[in-house]
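Participant: Given chain A's structure and the hints, the job is docking chain B onto it.
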Amino acid sequence: MAAVTPLTPQLAPRDWASHPPYVYPGYKSTVKRGPTRPLVPLARSLAERRAPVYGHEDIGPLDHDLTKNAAKNGEPLGERIVVTGRVLDESGRPVANTLVEIWQANAAGRYVHKVDQHHAPLDPNFLGAGRYLTDAQGRYRFLTIKPGAYPWGNHPNAWRPNHIHFSLFGGYFASRLVTQMYFPGDPLLAYDPIYHGAPAGARERLVSRLNLEAAGEPGFALGFEFDIVLRGTRETPMEA
Amino acid sequence: MALRQTPSQTVGPYFAYGLTPEQYGYDYKSLFGPVLAEPQAPGEHIRLTGRVFDGDGVPVNDAMIEILQADSRGRYVESRAEAQAAGFRGFGRCGTGTHASLHYWFDTVKPGSAGAGEAPHIDVIVMMRGTLSHAFTRVYFEDETEANARDSVLAALPAERRATLVARREAQPCGATYRFDIRMQGPKETVFFDL
Chain A
4 MAAVTPLTPQ
14 LAPRDWASHP
24 PYVYPGYKST
34 VKRGPTRPLV
44 PLARSLAERR
54 APVYGHEDIG
64 PLDHDLTKNA
74 AKNGEPLGER
84 IVVTGRVLDE
94 SGRPVANTLV
104 EIWQANAAGR
114 YVHKVDQHHA
124 PLDPNFLGAG
134 RYLTDAQGRY
144 RFLTIKPGAY
154 PWGNHPNAWR
164 PNHIHFSLFG
174 GYFASRLVTQ
184 MYFPGDPLLA
194 YDPIYHGAPA
204 GARERLVSRL
214 NLEAAGEPGF
224 ALGFEFDIVL
234 RGTRETPMEA
Chain B
42 MALRQTPSQT
52 VGPYFAYGLT
62 PEQYGYDYKS
72 LFGPVLAEPQ
82 APGEHIRLTG
92 RVFDGDGVPV
102 NDAMIEILQA
112 DSRGRYVESR
122 AEAQAAGFRG
132 FGRCGTGTHA
142 SLHYWFDTVK
152 PGSAGAGEAP
162 HIDVIVMMRG
172 TLSHAFTRVY
182 FEDETEANAR
192 DSVLAALPAE
202 RRATLVARRE
212 AQPCGATYRF
222 DIRMQGPKET
232 VFFDL
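Sequences listed follow chains A and B, in order.
Every position in the first sequence, counted from 1, becomes a number in our numbering once 3 is added.
Every position in the second sequence, counted from 1, becomes a number in our numbering once 41 is added.
In case anyone wonders, no lab produced these hints; they're calculated from the structure.
Any given hint might turn out to be false.
Covered stretches of chain A (in silico footprint by chain B; criterion: 3 or more residues with CB under 8 Å from a CB of chain B, positions within the stretch not fixed) [unchecked claim]:
1) 172 to 179
2) 192 to 202
Not the full set, but computed from the structure, chain B residues with beta-carbon under 8 Å of chain A [stated by the list, open to error]:
3) 47
4) 50
5) 55
6) 57
7) 58
8) 62
9) 69
10) 70
11) 109
12) 118
13) 166
14) 174
15) 175
16) 198
17) 226
18) 232
The beta carbon of each residue, even a glycine, is placed where N, CA and C say it ideally should be.
Next comes chain A alone, as it looks inside the complex:
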């Protein structure tokens, strides 16, 4: 009788061909802040830790609706958009019940953050932060306002393309991903060193797709789809 080899899921490594290097001189702040020594490999077993723990109880009823979750006396200004997509692993399996946190500038390109001194108006009805716990198919869905472009200090007349920040955990401590979603056809992408920090052939995955059907109700909001792929698991024979 053949021995049964037990299988244990093993988290696939970070695919460095898909991720930016730590030091990318076009993005000036990386020069003094990115680690310079080679990363030290860690035993794969340490990547199996699951964390953190959270649940539906942690998510507020308006956390997914940025047009309402900070409204004081009306609706925020700007183009309403639905941003939706699936969180998948590298094998195409949905990552269910995983936390998606987003934050973004308002329609004028201004962040609520106190250190943002860009001379553009704040919107009293818009915070720009949201959360969602993915469903069984790995899907998330936010209703928000299209963020504006804004200048930053990287080089003369540097402007960030319109973008939404995303933070995800996936099923493991080591599947952590913080990224940014961009909009199709944005002419500022060609000039943005943060976008270009991701390798060619990979950075295009950061650009959402226009999907006029995504918003559901016709004539209410523009729809953008953005799927996110986290590190997957491989079934490998357990070491004796």
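Facilitator: Just chain B now, with coordinates in the frame of chain A:
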């Protein structure tokens, strides 16, 4: 693998109202914060604190630190209900921009050893404006000399770099404090892992 990973991008300078809102005084609930252990959590209650330094030795005012650790018996929290019952969450998040000295801090318990060949430790994620990908590092404890000597991760490092992962214990009025500074670059660059 059928699909390729979505690339990482920087957390940027403006994460606070989305990821650490209560710490920074925004009117939005924080899902994770600097307190991992409630008073009733078993074990030695400690504070972990430190600063993040750039390649010029300047403290970083817009870094975000996340930590994951076992409880005082070396067990990792497996569910939200378990975390609530024990008063211990096992995971924390803190930015470096709310104190004049630009330190992060966590109120937690000292972790136990999670297994043979593993000294007590805390896993750390570091991100900030200027890192396009987050970095993984680890905190060990200076008063765990014997366990540290047997730890397989520490043992695999060049001896001169091990000290970058060892937190110093200080007696403070508020209780035991461990200081763990993170140096992104320079002769004492912290060890970062490919996790």
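Participant: Take the hints in turn and mark each one as holding or not.
Facilitator: Now for the hints, and whether the structure bears them out:
Closer than 8 Å: that is the beta-carbon criterion, and the region 172 to 179 of chain A has 3 residues meeting it against chain B, so the requirement of 3 holds. Coverage of the region 192 to 202 of chain A by chain B holds. Counting CB-CB distances below 8 Å, 5 residues qualify, and the rule asks for three or more. The beta carbon of residue 47 (chain B) is positioned within 8 Å of a beta carbon in chain A (closest approach about 5 Å), and the interface hint is therefore held. Taking 8 Å as the C-beta contact cut-off toward chain A, the hint placing residue 50 (chain B) at the interface holds, the least distance being around 4 Å.
Given hint, residue 55 (chain B) at the interface with chain A, holds; its Cβ is 4 Å from that chain's nearest Cβ, closer than 8 Å. The criterion of a C-beta within 8 Å of any C-beta in chain A is met by residue 57 (chain B), whose closest approach is roughly 6 Å, and the hint holds. Look at residue 58 (chain B): its Cβ gets to within about 5 Å of chain A, closer than 8 Å, so that hint holds up. For residue 62 (chain B), the interface hint holds, the least distance from its beta-carbon to any beta-carbon of chain A being 7 Å, beneath 8 Å.
Restraint check, residue 69 (chain B) versus chain A: the minimum CB separation of about 6 Å is within 8 Å; hint holds. Annotation: interface hint on residue 70 (chain B) holds; nearest CB of chain A at approximately 7 Å, less than 8 Å. The beta carbon of residue 109 (chain B) is positioned within 8 Å of a beta carbon in chain A (closest approach about 5 Å), and the interface hint is therefore held. Interface restraint check: residue 118 (chain B) against chain A, minimum CB-CB distance 6 Å, threshold 8 Å, status holds.
Because the closest C-beta pair between residue 166 (chain B) and chain A is about 6 Å apart, less than 8 Å, the hint holds. For the restraint placing residue 174 (chain B) at the interface with chain A, the shortest Cβ-Cβ distance is roughly 5 Å, inside the 8 Å limit, so the hint holds. Against a cut-off of 8 Å between C-beta atoms, the interface hint on residue 175 (chain B) holds, since the closest Cβ of chain A lies about 6 Å away. For residue 198 (chain B), the interface hint holds, since its Cβ comes within 8 Å of a Cβ in chain A; the closest pair sits about 7 Å apart.
Look at residue 226 (chain B): its Cβ gets to within about 5 Å of chain A, closer than 8 Å, so that hint holds up. For the restraint placing residue 232 (chain B) at the interface with chain A, the shortest Cβ-Cβ distance is roughly 6 Å, inside the 8 Å limit, so the hint holds.
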